[in-house]
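Engineer: Sequence:
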Amino acid sequence: MNDLSEDKELEMIKHRMLKRLLNEAKEEKVLDHPVEVNDANLDDLVRKHPVVVVDCWATWCPPCRMLEPVIEELARRLAGKVVFGKLDVDLNPLTVQRYSIMEVPTLLIFKNGGFMGKVIGYRPLPQLEEIIRRYLD
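Using numbering that gives the first Met the number 0, the letters of the sequence shown correspond one by one to residues 0 to 136.
In case anyone wonders, no lab produced these hints; they're calculated from the structure. Everything hinted at is true.
In silico DSS-like links for lysine-lysine, alpha-carbon gap of 27 angstroms or less:
#1 Lys13 <-> Lys28
#2 Lys47 <-> Lys85
#3 Lys18 <-> Lys47
#4 Lys80 <-> Lys110
#5 Lys110 <-> Lys47
#6 Lys47 <-> Lys80
Here are the in silico distance ranges between beta carbons for each label pair:
#7 Ser4 <-> His32: 47 to 53 angstroms
#8 Met11 <-> Asp38: 41 to 47 angstroms
#9 Met11 <-> Asp31: 32 to 38 angstroms
#10 Asp31 <-> Arg97: 24 to 30 angstroms
#11 Ser4 <-> Asp31: 42 to 48 angstroms
#12 Gln126 <-> Arg46: 26 to 32 angstroms
#13 Trp59 <-> Lys80: 29 to 35 angstroms
#14 Pro68 <-> Arg19: 34 to 40 angstroms
Keep in mind it's a predicted model, so treat the numbers as computed, not measured. Even for Gly, the Cβ is constructed at its ideal location relative to N, Cα and C.
Go ahead and model the full structure; you've got the sequences and the hints to work with.
Structural biologist: Below you can see the structure in the form of structure tokens.
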């Protein structure tokens, strides 16, 4: 193989690698919807994002179902600033115990990797948005 064909092959490899890196960067897009959270991935999610709000809910909980569209709307409004997660308390006992979740819905709020506090019970969208925005600065 001569130097010219080696240079061309190197350029092609560089181009493919750059394209792959750019595609990976595109995949890390802004989350505008709640993500599934569980005992195994909660810590990783909290480390990766500056502000995380986790909706701890249960299938049998009517106030949880009322809160669901509020969380979805807040995820859209605060996309790029806050990542919202949904954690089923019946399937994730370690998180329930760790954060002493006694009632649902309960929102867990994290900032810069640290646990900041809880919001217990249903809250209307304007009130919840005001509470969450306090953690953005």
